[in-house]
Amino acid sequence: MKDIFDFNIGIKKNLLYLFLGGLLLCLIGVYQLVNSDHGHEESTEIVTSYISEDGHSEFHWYKRVYSNLWINIVYFLGISISAIFFVAIQYVSQAGWSAGILRVPLAIGRWLLPGSVLMLIVFAITNHDIFHWTHEYLYDKSDPRYDYVIDGKKAYLNLPFFLGRMVFFLGIWYLFYALILKHIAKEDKLGGTASWKKLFTISTVFVVFYAFTQSVAAWDWVLSIDTHWFSTMFGWYVFASWWVSALALITYMIIILRDNGYLDFVNHSVIHDLGKYVFAFSVFWTYIWFSQFLLIYYANIPEETIYYVERLDSDFYYPFFLVNLILNFFFPFLFLMTRASKRFTRFLKVACPIVLFGHFIDFYLMVTPGVLKENGGFGFLEIGMLLLFLSAFLFVILNGLTKLPLVAKNHPMLDESLHHDI
Amino acid sequence: MSDKGVKFVIGIYDDEDILLDAISSVRGKGVNIHEVYSPFPVHGIENRLGYKRSRLSIAAFCFGFLGTCLALTMMIGMMTIDWPMIIGGKDFLPLPVFIPVTFEMTVLLAAFGMVGTFLVVSDLKPWGKPKTFDLRSTDDKHVMAIEIEKNSMSETQLKKLLESNGASETNTKLMEE
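Sequence lines, in order, name chains A and B.
All residue numbers for the first sequence refer to our numbering, where the first residue is 1 and numbers rise by one.
All residue numbers for the second sequence refer to our numbering, where the first residue is 1001 and numbers rise by one.
Everything labelled a hint here was simulated from the structure, so no lab data went into it.
Every value quoted in this text rests on a predicted model; they were computed, and no experiment measured them.
Where is the CB? At the ideal position from N, CA and C, for every residue including glycine.
A couple of the hints might just be wrong.
[To be verified] Examples of chain A residues toward chain B, derived with CB under 10 Å: (1) 178; (2) 297; (3) 298; (4) 304; (5) 331; (6) 335; (7) 338; (8) 339; (9) 341; (10) 418.
[As the list claims (entries may be wrong)] With a Cα cut of at most 30 Å, we get these calculated DSS-like pairs of lysine-lysine: (11) A:182 x A:409; (12) A:276 x A:2; (13) A:349 x B:1052; (14) B:1052 x A:276; (15) A:198 x A:186; (16) B:1131 x B:1141.
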């Protein structure tokens, strides 16, 4: 069994090609945008935008780039923090089955720091273009564009408090991650159960802290784009999407690592458990998604339905709405239902990337209609940006995978994981 | 009485590890084991006994599907065909609104159907009489039952085989059909 992940030049080369390909697609996308007649100003479609009094929000090509940047930042940062959450959950529940595979989610967590830095930078550049509420004039009663509703939310949605929350959450999350890393490295060196007990305490505090802050982060980073709209389900909805993406990525990475000769103790039972995670939380996501949708659909209150009107009544977003449901519910539900499909890697190798892409579409649908209104698009730019971020993300986590041995050396429950049988 | 019923050889085991090894070696001799009873779940026993996967999930699917059909028939019959009403500005066939009830009916019937099927199949039905080869299998002993007629070995041979594989006691029992 190979003990340390070998991040060789071949993998690095492939990541570089991925990066360059993404960059090329991005440039083509931007070139197309700049040269096309990007203003649908003459369009007679129902303008669902309520941003400006004259009925049209100004659209510049770079808004679409910003929107894509933000989607990818939220998506990958969420996967990263959810992977850390996965590690914490295993320690809180004192799980033995996962003791051998925890280094993989731990490595995914390495994106948290670069992702946080990117998020702060991108927010500094894009705040007015993505977050409507950052405009000063909305709060100025003498200005014709004064917005009564947004002014009412000023106590919560103001720049210093928002930025403070962002830095605070990211900082504390990273602190917990650093602590978890430190004690896991210590356990490898010293052995014994002291580190494991410490990790239990740290993880418990982290899980509670994360439960609160994740919801607030979801309101801040995603929900506040549609400033007038609100949904009490939104925190969970974003959590479910992040969480199932992280689970799909963890499963996929473990399978690929095993195929390449690492983690050879991973048997059908471990794969089965991971597959059950992906299956169950795909259904959980649907449950949350549908709970949010049904209440709004049933109550039919205009200020709530606007979110779905933007997505369902638009010729452009409606197909994405259906694709989102198909990729994230119908496909994993039917495809992963049987026992065999969760025990054999060839099924999961198909399902996991599709679920991951499906949740990218989910975030695309959360962010884009609110930022770009009727000017949204899906083309070279979107795919290119995704590849760009994916290559950077993979580089960071694969590099992180080399920093510690692939299997815990002294985890007290390691033996249970090595002989997991269900 | 003596010619009515089926004759079984019964082996009593004290320890589940001995039991597991005994199952393997008895089956290895080509003996067909009727059933093994134990007071608690023994890990890996179903593999040793060569059990195929339970078909209970098929029953669960059928009952669940029945629940889906019943719920949809009921709601569409009432709300769309028999007495169409506009509620909350929805059309006469508001499928999203039907989903929660359909889901609940599916789960309810799947669960009830599965439990019912299980009780009937494993002789725990109210009108049934559960087979108890040895009462101690509900306390601290594992009981292996082998039907004599279904095996080529004689009664004494079977008893010897069980004893050589760690049975603490062997009996013959006549079970009524």
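Hint by hint, here is what the structure shows:
1. Annotation: residue 178 (chain A) was flagged as interfacial toward chain B, and the flag is violated, the nearest CB pair being 39 Å apart, outside 10 Å.
2. The interface hint given for residue 297 (chain A) holds, since its Cβ lies 6 Å from the closest Cβ of chain B, which is under the 10 Å cut-off.
3. Taking 10 Å as the C-beta cut-off, the interface hint given for residue 298 (chain A) holds, the closest approach to chain B being about 6 Å.
4. For the restraint placing residue 304 (chain A) at the interface with chain B, the shortest Cβ-Cβ distance is roughly 13 Å, beyond the 10 Å limit, so the hint is violated.
5. Contact between residue 331 (chain A) and chain B, as hinted, is not supported at the beta carbon level, the nearest pair being about 18 Å apart and thus beyond 10 Å.
6. Because the beta carbon of residue 335 (chain A) sits about 16 Å from the nearest beta carbon in chain B, more than 10 Å, this interface hint is broken.
7. For the restraint placing residue 338 (chain A) at the interface with chain B, the shortest Cβ-Cβ distance is roughly 9 Å, inside the 10 Å limit, so the hint holds.
8. Restraint check, residue 339 (chain A) versus chain B: the minimum CB separation of about 8 Å is within 10 Å; hint holds.
9. Violation of the interface hint for residue 341 (chain A) is found here, the shortest Cβ-Cβ separation to chain B being roughly 13 Å, above the 10 Å cut-off.
10. The interface hint given for residue 418 (chain A) is broken, as the beta carbon of that residue sits about 16 Å from the closest beta carbon of chain B, more than 10 Å.
11. Between residue 182 (chain A) and residue 409 (chain A) the CA atoms are separated by roughly 14 Å; this keeps the pair inside 30 Å, and the hint holds.
12. For the suggested pair residue 276 (chain A) and residue 2 (chain A), the alpha carbons sit about 27 Å apart, so the restraint of at most 30 Å is met.
13. Distance restraint check for residue 349 (chain A) and residue 1052 (chain B): the Cα-Cα separation of roughly 27 Å lies within the 30 Å cut-off, and the hinted pair is therefore satisfied.
14. Between the alpha carbons of residue 1052 (chain B) and residue 276 (chain A) the distance comes to roughly 21 Å, so the proposed pair stays at or under 30 Å and holds.
15. Between the alpha carbons of residue 198 (chain A) and residue 186 (chain A) the distance comes to roughly 11 Å, so the proposed pair stays at or under 30 Å and holds.
16. At roughly 16 Å between alpha-carbon atoms, residue 1131 (chain B) and residue 1141 (chain B) fall within 30 Å of each other, so this suggested pair holds.
In summary, the structure is inconsistent with hints 1, 4, 5, 6, 9, 10 from the numbered list given earlier, while agreeing with the others.
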